[in-house]
Amino acid sequence: AMRLGRRKVHTYVASGIQNQMSVLKTKIDSSDPEFVQRSQAMKDLISELDQLHAKFALGGSEKARQKHISRNKLLVRDRIASLIDPGSAFLELSPLAGYELYPGEEVPSGGLVTGIGTISGVRCLIVANDATVKGGTYYPITVRKHLRAQEIAIENNLPCVYLVDSGGANLPHQSDVFPGHEHFGRIFFNQSTMSGKNIPQLSLVLGPCTAGGAYVPAMSDETIIVKGGGHIFLAGPPLVKAATGEVVSAEDLGGGEMHATVSGVVDHLVESEPEGIARMRQAVAMLNYPKNNVTTADPSIVAEPLYDPTEIDGVVGDNLRVAYDVREVISRIVDGSEFAEFKREYGTTLVTGWSKLYGHPIGILANQGPLFSESALKGAHFIELCKQRDIPLVFLQNISGFMVGSAAERGGIAKNGAKLVNAVVGSGVERFTVLIGGSYGAGNYGMCGRAYSPRFLFSWPNSRTAVMGAEQLASVMSTVGSKNAEATEKLRAQIESESDVKFGSARLWDDGIIKPSDTRRVLGLAIEASRGGRRTVDHKNFGVWRM
Amino acid sequence: SSSAAVRSAKPLRSVMVANRGEITHRVADTAANMGIKVTAIYTEPDSELPFATEGPTNASIGSASDGYLKMDEIIRLAKETNSEAIHPGYGFLSENAIFAKKVRDAGLIFVGPPQGAIEAMGSKSRSKEIMEAAGVPCVPGYHGENQDVNFLAEKADEITYPVLIKAVLGGGGKGMRIVNSKEEFLPELESAKSEARSAFGDDRVLVEKYIAVPRHVEVQVFADNHGNVVALGERDCSVQRRHQKILEESPAPGLDLATRQDLWAKARDAARAVGYQGAGTVEFIFDNESGKFYFMEMNTRLQVEHPVTESVTNVDLVEWQLLVAAGFPLPKTQEQISITGHAFETRIYCEDPDKGFLPSSGKIFHLQKPTSGSPRLDITFESGSTVSPLYDPMIGKLIVHGRNRGEAINKMLRALDELEIVGPVTNIDFVKRILKTEAFGGEEPSGLETGFIPNHAEELAQIPPVRNDVYAQAAIGAILTEQKPETLTSAFFTAPPSPWTNIQNRKVALQDLTTETDPAEVTVWQVDADKFVAEVNGEKMDIEARLLPGNKLFFKTGLRQAVNTFVAPAAMPGASRLLHVFDQGRHNRLAIVEPEWVTVALGGKAGPANSVVAPMPCKVTKVNVEAGQSVKKDDILIIIESMKMETTIRSPIDGVVKRVPHGPGSIVKQGIELIEFEDAEE
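For the protein sequence lines, the chains are H and E, in the order given.
Per the working numbering, the very first residue in the first sequence carries number 1; after that it's consecutive.
Per the working numbering, the very first residue in the second sequence carries number 1; after that it's consecutive.
To be clear, the hints were calculated from the coordinates, so they are not data collected in a lab.
Glycine included, C-beta positions come from ideal geometry on N, C-alpha and C.
Honestly, I wouldn't trust all of these hints.
[As the list claims (entries may be wrong)] The calculated BS3-like cross-link candidates involving lysine-lysine, where the alpha carbons are at most 25 Å apart (straight line), are:
1. H:K55 - E:K182
2. E:K101 - H:K55
3. H:K67 - E:K507
[As the list claims (entries may be wrong)] With the C-beta cut set under 8 Å, the calculated list includes, among others, these residues of chain E facing chain H:
4. N505
5. R506
6. A591
7. I592
8. V593
9. W597
10. S651
11. D654
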């Protein structure tokens with residue numbers, strides 16, 4: 001047998017060793033009964049959400065849909081399907097908007113489908129009214145969803161395509177829709193602003209655009225109308241009759257032919273919806289807009305994770321109290337399960353490090369317990385590095401909060417936490433947040449919650465968002481005020497229900513609930529939407545560091 | 001005493017092939033093996049085909065498509081390129097005695113028989129006289145002017161029954177009678193004459209031996225200028241359409257050795273009778289009922305179907321041609337020639353057998369050559385070539401050899417399964433249907449006769465519907481084609497359609513162009529980069545599919561997986577997009593049926609067509625209607641010519657002609673309007 005000589009000095013290390021050193025190893029045993037039980041618990045949550053999504057994806061009532069189809073109109077999701085490139089994904093945003101929001105009224109998806117899709121190779125933000133839901137009228141949530149979509153378009157330089165089929169403001173809710181800063185008028189403000197920033201605004205008018213709605217096509221750079229289907233007027237025939245006594249048909253008042261040949265409000269007249277969609281695809285192709293430029297990613301580098309993403313279900317389960325190693329989650333999201341960890345031995349309740357996602361470099365911050373001063377400082381340091389290197393940040397948020405108690409306060413947790421918040425705000429790079437568990441208290445802020453303008457924020461079915469846990473909140477309230485057990489219990493139940501992920505998603509606290517196993521792909525779509533087309537670099541400065 | 005005989009044998013140094021396509025390749029290959037320099041000629045329309053670009057010397061014969069007929073120009077080029085000899089191939093000038101003479105007068109060697117033999121065999125009546133004199137049986141008959149009924153009855157007795165009475169000006173079966181016995185002759189003659197009178201105003205008839213079950217059997221002969229004549233077995237070429245052969249085989253099945261030897265002997269006699277030299281074919285009508293055969297004609301050239309003879313005799317006939325032309329004796333005697341096994345040739349035509357053999361032309365987007373069983377493929381084109389409507393629709397031929405007829409049929413079927421051509425419509429699937437009929441199969445086929453195709457028209461038209469999973473493959477292939485490879489690193493093209501909802505279903509209407517049945521609607525959901533759910537005709541399938549290089553589609557559903565050929569050529573403007581799926585040996589040609597709005601958006605008109613367009617690039621030869629004329633459905637509107645074939649265009653509707661944009665002689669492209677109708681009244 002050959003005896004190896006004693007190892008001496010090596011000045012050669014095979015390339016690739018450093019990558020291998022970064023490959024996360026898994027310790028989970030998928031046959032462990034506890035793992036199986038947790039996995040099942042997550043699957044139950046997913047299954048409930050699956051059904052809810054499927055129901056909302058139908059849109060309005062069966063009757064409303066049949067009526068819509070009988071008028072030779074396509075359902076809103078079919079319109080989008082034929083608008084985007086074959087085989088490409090549509091990243092739908094907040095499909096559960098409006099869920100149990102208006103007592104006695106169901107407004108599936110807020111009556112508006114929004115999302116990011118690829119049209120003629122260009123990533124576009126698509127905003128499409130669902131006329132089968134209350135005639136496509138704008139509820140308060142509809143306005144908020146429309147504005148959120150536009151916000152995404154502004155931040156990420158995405159051309160906007162509006163598929164207009166709306167009766168305008170929902171009149172009974174007019175006070176919550178019409179006049180405020182974040183109300184209907186802001187839609188057109190945004191259109192004008194974006195157009196001014198060379199973010200194209202395109203409309204396809206497929207149904208009524210009444211009153212304020214008329215401004216969506218009118219404020220667009222280019223507008224297509226479907227003959228016989230689309231109508232644009234500041235007031236419809238009934239209001240015209242009431243106001244001036246003039247009796248006029250909808251077609252004569254604001255039909256496609258009139259607007260194309262007489263008023264010039266529209267630029268293209270088409271005979272049918274599919275033709276309009278084809279023409280919109282052509283209009284996007286003619287934008288001369290930067291297409292997805294991620295093709296620099298070498299397909300051989302874009303390796304799928306080594307471990308099955310569906311195993312995240314069993315790692316995480318539905319009980320937020322059960323601790324697990326968040327690296328088991330990271331290894332099921334990133335390319336090749338490679339994670340170059342930073343400051344592994346310091347501030348261990350926050351895991352930081354670099355990975356790639358579909359070839360894009362990312363910096364990950366993931367909670368592994370409450371935030372201590374050290375973990376907050378480590379996070380701030382890591383964010384500084386990512387800013388310098390122009391690497392986008394991914395926050396995997398599962399946080400009960402910053403550490404409390406005298407030791408923590410004496411250690412300056414408030415100013416150290418502030419440093420983390422300061423770093424997040426001043427980072428300038430694109431940020432993406434996924435709520436993978438609890439999102440409580442100032443932890444929500446430090447880990448780039450909704451108020452910290454991540455480009456996208458998605459939630460897992462098990463996640464919960466509140467100022468604190470329902471138990472603690474009830475117990476705090478009973479300590480500081482009410483001793484009434486019944487009131488305390490009522491409060492606890494209320495907080496419990498308000499922390500539920502569906503409650504938040506219905507109110508646009510997030511951009512949608514996703515399955516844990518889809519996280520890689522959804523984040524991939526989000527990063528491509530943000531960095532794939534035209535990109536403007538944010539030269540932001542950090543605020544004053546409180547030392 | 002022929003001119004070649006005085007020349008002492010000396011190996012040829014150079015040869016020009018005065019032809020095109022596969023036969024140029026064929027001659028060039030053998031010549032190259034013999035160290036003979038080859039010059040190919042080509043017309044400008046053919047200038048990009050392999051036969052014109054390969055080889056050391058290629059000479060252009062000009063831009064006109066009939067360049068291959070320009071004798072003086074060809075001879076001038078032969079001299080310019082220092083060609084010693086000219087091989088005429090088949091067709092074009094191959095049986096032109098004047099050309100043969102001109103070549104020889106120019107001091108060049110004509111690779112073919114003496115012009116005297118060409119002339120003699122070129123005339124029907126003279127060849128018959130020569131053959132009768134040499135004791136070669138001809139079809140008995142009377143073609144003379146004497147129309148006396150009793151004289152004709154006598155002639156019928158001489159011919160022996162059954163006989164055929166045919167009006168001299170006859171056509172379409174009018175004035176034609178089959179008479180089985182002497183008793184029936186006079187009444188049938190009277191009836192035929194009266195029918196001919198009223199149909200053609202002329203009651204002259206001819207009487208011929210009636211052959212109930214005719215087969216086309218021919219003998220390959222070879223003669224040198226040292227007095228040697230051999231027969232290299234026979235071929236059966238009975239399967240024909242429009243009097244052109246489709247399938248040829250050797251030996252002719254079902255013939256006993258004595259009959260075959262008799263055939264060979266008569267063929268050699270025929271060759272000797274005309275002082276033949278080189279390769280020739282003596283064609284006979286073989287009466288399958290009586291076992292008798294009759295001389296039909298002699299072809300004084302190498303035939304298209306010569307490879308089946310090469311295959312069973314292991315002789316290179318072109319090599320023999322070049323040797324004989326150089327003055328050498330035949331390499332083998334009759335005794336040394338043996339026939340081994342069975343060979344078939346399929347002629348690959350660009351035509352649509354399911355639409356009356358309508359010629360087809362255009363670019364070949366995909367050509368896969370068969371490999372199993374080492375078949376021989378002699379072909380004019382390659383992938384990317386364009387089949388021009390200016391020339392013959394035969395683009396090549398496939399030859400297989402087996403130990404016996406059954407094995408040869410199986411090998412031909414396998415080879416045809418593997419031969420994939422996308423572009424012009426071909427007869428490949430049709431030939432497979434012929435080979436699979438019971439009447440054609442076996443060692444002694446029951447239905448082999450010249451009427452095979454009309455006799456089995458119904459069976460040959462039986463085409464099973466396109467499989468549901470094939471529709472799915474086509475629709476998925478079309479969708480995948482639009483997903484460019486550079487996008488494959490993109491999450492947008494590799495992620496599932498949407499985190500929660502599969503909104504991405506696409507409906508595609510596909511029509512089978514072979515059967516032209518109603519379009520099938522395919523609904524496709526893409527659930528992952530390479531995973532799909534498809535629903536067709538109520539059947540829902542989970543499918544895994546991805547495109548592979550070289551027009552291949554990996555496809556898996558249920559227990560079946562395959563790598564099939566899938567081709568989706570870019571649609572021509574104004575034409576619908578075609579999808580081609582080769583699945584389990586079947587070429588499925590499917591068209592995406594665009595919705596009506598597309599027609600309208602592209603400037604067409606909703607509702608039924610109000611015009612007739614050219615089905616292929618063609619020349620208008622005759623216009624039967626004029627503006628303002630009322631026509632009924634199926635009335636003949638216009639006659640066009642393409643690929644040397646005439647096609648009749650009939651009215652699709654009852655209507656009034658509004659405009660005839662193109663008169664006789666116009667050359668029109670495919671899809672150009674030929675007739676416009678007035679709008680139908682509402």
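Hints versus structure:
1. H:K55 - E:K182: violated, 87 Å
2. E:K101 - H:K55: violated, 87 Å
3. H:K67 - E:K507: Cα-Cα ~21 Å, so holds.
4. N505: holds, 6 Å
5. R506: At about 7 Å, which falls below the 8 Å cut-off, the nearest Cβ of chain H leaves the hint on E:R506 intact, so it holds.
6. A591: Because about 18 Å separates E:A591 from the closest Cβ in chain H, which is outside the 8 Å limit, the hint is violated.
7. I592: violated, 12 Å
8. V593: Since chain H brings no Cβ nearer than about 14 Å to E:V593, farther than 8 Å, the hint is violated.
9. W597: Holds: closest Cβ of chain H sits about 4 Å from E:W597, inside 8 Å.
10. S651: violated, 29 Å
11. D654: violated, 29 Å
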